[in-house]
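Residue numbers (this note's numbering), protein chains in the order written: chain F, 34 to 831; chain C, 757 to 1054; chain Y, 15 to 175.
Take the hints with a grain of salt, since some may be wrong.
Stated by the list, open to error - Not everything, but these chain C residues come out facing chain Y in the computed CB check (under 10 Å):
no., residue
1, Ala761
2, Gly790
3, Leu794
4, His873
5, Ala1019
None of these hints come from the bench; they were simulated from the model.
In this text, a Cβ means the ideal position worked out from N, Cα and C, and glycines have one as well.
The residues making up each chain are set out below.
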Amino acid sequence: MSAAIAAAGETPVVDRPTEAPVAVPGTTAPHNDRPDPFGQSVTRLEDLPLVRGQGRFAADLSFPHQLHMRMVRSPVAHARLLGVDASEALAMRGVVAVWTAQDVVGIPCIPLREGPSVELDPYLQPILARDRVRYVGDPVAAVFATDPFIAEDAAERVSLDLESLPVLTDATAALGEFAPGLPTQPTTIRKGYGDIEAAFAKAACTVELELATGRHSGVPLETRGAIGRYDAARDVLELHGAAKVPHRNRDALARMLGRSPHAIHLFELHVGGGFGVRGEIYPEDVLVLLAAMRLERPVKWIEDRYEALMTTNQSREQVHRVRAAVAADGFVLAMDDEFFHDQGAYVRTHGDRVADMTAGILPGGYVLPAYRVTGHYRLTNKTPAATYRAPGRFESSFVRERLFDAIAQRMGIDPIELRRRNLIRPEQMPFPRGIETIEDNIVFDSGDYPLLLQKTLDALDWPRLQADLQARRAQGEAVGVGLACFVEKSGLGPADGVRITVDFTGAVEVVTGGASVGQGFETVVAQICASTLGVDYRRVRVVHGRTDRIQYGVGAHAGRATVMTGSATHNAALRVRAKALDMAASMLGCAIEGLDIVDGRVIRRGDSGPGLALGDVASALAPTARARGEREPGLTAEGWYETPSMTYPYGVHVAVVRVDRDTGAARVERFFVGYDVGRAVNPMLVEGQIVGGVAQGIGGALLEEFAYDENGEPLAVTLADYLLPTLDDIPPVEVMITEDAPSPLNPLGIKGAGEAGINGVGAAIAAAIDDAIGQPGAVTRLPVTPVRLKALLRQRAG
Amino acid sequence: MRSVAFQYHAPRSLDEALAILAEVAPEDGRIIAGGQSLVPTMAFRFVRPGHLVDINRIAGLDRLSEQPVVASVPAPDAAPGTELVIGALVRHAAFHRPVVAGPLGRLLTEVAGHIAHYPIRMRGTFCGSLAHADPASEWCLVASTLDARLVLRSVRGERIVRADDFFTGVMSTAIEPDEMLVEARITLPSAGARMGFDEFSRRRGDFALAMALVSFDLVDGRIHSPRVGVSGVEDRPCRIAQAEALLEGCVPAIDVFQAAARAAAAAVDPLEQPQLPAIYRRELVESSVRRALERAWV
Amino acid sequence: MKHPITLTINGHRHEVEVEPRRTLADVIREECRLTGTHVGCEHGVCGACTVIVDGDPVRACLVFAVQAEGAQIRTVEGLAQGSQLHPLQQAFMDHHALQCGFCTPGFLMLSTALLERPDPPSDAELQEALSSNLCRCTGYKNIVLAVRAASKAMHATSGAA
Ligand SMILES: Cc1cc2nc3c(=O)[nH]c(=O)nc-3n(C[C@H](O)[C@H](O)[C@H](O)COP(=O)(O)OP(=O)(O)OC[C@H]3O[C@@H](n4cnc5c(N)ncnc54)[C@H](O)[C@@H]3O)c2cc1C
Ligand code: FES
Ligand code: FES
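The whole structure should be built from the sequences, with the hints applied where relevant.
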């Protein structure tokens, strides 16, 4: 058996079980010479303007007569705000207004996306700080000027009267006070199942660890940007530069500003990377809208990098105290975890979701008959936190897989064998996890975890890899391999809809409430539509990220886009197809069953004649066309997809790492990802997502960290201090995509792939470093910086 | 991240530049050479010059040539020989290929490859690096270890400063506000000289956390007149006399290098920096010095 | 105080009046309205702003526009000849070397300058030079493949000519 792997230089190949159907269920079998675009690595529709420099990112958009906004931010981590003096700034030529909290009194704090919460609401962030500042970068005032240089000059002259308060930078330390009567732990997450006490009582051995993941974040290459514009002629308020969840944000902004959602529209431009952080509602988004209305001019705000690194959502920082009860044969009877989640200064739009997801997914793909977790959701005086690609999973995979490595070490069992003994077996699918997370009852829908593990080992020629590394270690090199297994989640519902329309030229438009953050969304949706409908995917235009074109949308987050929007597209395309065939049958005077749509033409099966162009069918369905008869006008249909539950793809990560004992530097020599994606719509894009995710994971494992000093001063506010990986830090990632377990939950069998690359990287690299330096269990904290790694080496030497 | 306003001057001759500099120096007037350090610090508003004197349009400042060593006031003992002259507009990229035959040319090429990234090397200058005096600058270490002579000129005249006296602290030098560093002069080592360089940085192109530059002659198979320079650790580059003393007269060997490296690690007094404990910096110094010696030897 | 300057970008002259404190990246984007040159950090680390000045790739955020008077500047908008894409642009599309595309103009201009050098860079030099710029999406693998492929294509055609 040879698993297909895309190493450097090859186009990705998918390991497809031969019996799996290649065509989309619900359409007719693969037609003729033109291959079905579903499952093909076709080039992207998005690329042309982007390679030509014709993209339109937020900073690229300007409106005549616009003002520029610049924030005045807190220079300290915690203080009482006694006053703001803007007189000097206001006197400057070109300065139109300076606002403080007093100017935005009626505007509520930025709400939770999932609705109000008694526990969390008191901790939400106001759009301008009221009586306290709580992190370095907390917005205190907004300057509006005719020119961005003037705005920045003026912002410097706004002076703040601050009285310091004690600073809290450690989420495991004693609780502080957020405000009088409000402790810095707004909520505690508790989940679990099974009899923990009994499991520990009968365990042959127990293993206990303290593990920590560092604070890092998405850091898209494009900073945030927002342009507010009020069109008084139509009484419409517009926000340009929206991303991720435009529709949800429209609703929230409408509530905050007291407008009808019909009178506020969000527009997504090109988005220079999202990764979870871009597209949430931040104070600046609200301020540009408010200012556009009140100052009656368009207002543009573009974040600079310095601001981005101290105000855009951060993520990941957790400390776990975890223990396991293990039977004599290595079967893990129970896992018990207590963790501290460092939320930073305020609760932001996600509330406690990252902590909740951590708690929900921590058991991973292991059977684990008993589980208990307590998560302390804590506020500190750091930049607020929220989701970053694979939220809760990067963290929990690190914890779980480190724990399994430690168990293997303690019991003297090979770590792979230990995993085999504990992985959920295919015959146990669908597997109810027994816990809920983010309002979804976790049921693993399909999967063969041991098979993927085996395919990965085979693809790597595991025995030989081990022998090679052994030989190199014998020569004195510090090189080792580490492996991590994980279960992902994707396709969070509940529902998404699209509208597909064919015009009289035969061009197809898909209007969706999904969003693009650079992941190839347009291409994937076009491929699904083209495959189902029977047209060339290049004739499909995908309209997204516009609340004025469609009422509802799920956006692009949490691995939703392909699964939800893709399935809805499939459903809509089926309807358009049926409508076209019905009309064509009447035009051609034959039975529907004898017709097919191929490459944009309705043809008779087995007939080589020209058939009918879809555009002509669309014309025949025009409201005014007589041929239409009683049919509903327009070659158009809506399609919806509702999912009862999330789908759960799964993967295996393997890292080979070399350590320089002198400097403490760790270099990833090789990284392999085995991942089951259910069905890959476009393997090239799946691979691209995975490789990019791995790079971010390597950053989080070795380089990136938002460190703070004891005064809450952020230490990484430039890209020379927050270290994003460069080409030199990333090996050519090897990817094996499998399709062994299509999801039974959606018509296409697809599962998400956006978070597959990053999930287990920290865990695999940690294990590889242990192996390289011959110190099992050494790595307990990410990122493994040279300073920390050197300290580990010293410990052993000393 | 937008600089404060300043006035811009683009003189065409050195004299004109010095005259403008003399005039604007009191209002924090500064020279801009490659701009690769100055512009980012201006973007963060860490520096707020009132004037910039752009020297990029002055012909002749890109001089990169050899000349007989000019004995001068601060270095009257300068041994006769040849020196490499590096003008104020010689870019890092000029060193991508050896600029002189022999060990120095090879060394400078090796060192240049560690400075920032390709596009930054296209503009950043050798002399600008010295003037900027970042404690982790490779060129500063070169100048210090190889005892460069720095030629400073102003409307008041010219003076020559030895590297030892030139670097005075973190981003601080002997350059007076009205002075320009017009060239650096480095004596060419003997054709048989051994030179080695090593540095450690988090990512390729980042400023180093520690680096070492060594050179020595071999006389009858023994190390003669060794130089061991270290930087990125203290507030300025420094020579390590203890390590040099250990090496002098020894036959090159791993344990000799190791002993010298240890001596260097013990001798340095690392700057206090968040997240970089002194013990770690010393370890880096040890490995850099050892590796630089090994590289010089092979 | 504004300075009248003339910038020559992709062979076109742009006469603009700018304050000296405005960077070349800023003026190319805001005055010349060529927004293909992106700004990702404004302190010289990310390379998104890379343009070619007199044949050399430079960070346009680290040069003041007044300094570029008289220079020949090339930006991503000048790569294609009408609808004919530059081999690098084509290779980036063919090899999926972009996701969000924000870093792409910088990588394209950096690679263009590298591949136009009289002595084409070796694989190792390419690897080193391409480490100058940041991409947060792709993991770089496909960028390297694309640049190598374009290098082959460019040298094949120039060899044939
Ligand atoms: C991302 C990045 C990474 C970098 N990495 C490194 C690195 O690893 N190692 C390293 O050494 N450097 C690094 N640098 C800095 C780079 O090498 C600069 O080019 C160098 O430090 C300064 O040279 P410059 O010509 O650009 O000087 P400028 O930026 O023009 O000037 C710097 C200072 O020196 C003064 N000055 C310049 N020339 C003269 C002169 N002739 N006489 C008097 N004063 C003068 C200026 O007034 C200014 O104060 C990096 C820069 C960046 C942006
Ligand atoms: S914007 Fe110029 S290097 Fe980042
Ligand atoms: S493609 Fe998004 S930063 Fe490179």
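Here is what the structure says about each hint:
no. : hint    : result
1   : Ala761  : 5 Å, holds
2   : Gly790  : 8 Å, holds
3   : Leu794  : 9 Å, holds
4   : His873  : 3 Å, holds
5   : Ala1019 : 33 Å, violated
The structure fails to meet hint 5 from the earlier list, while all remaining hints are met.
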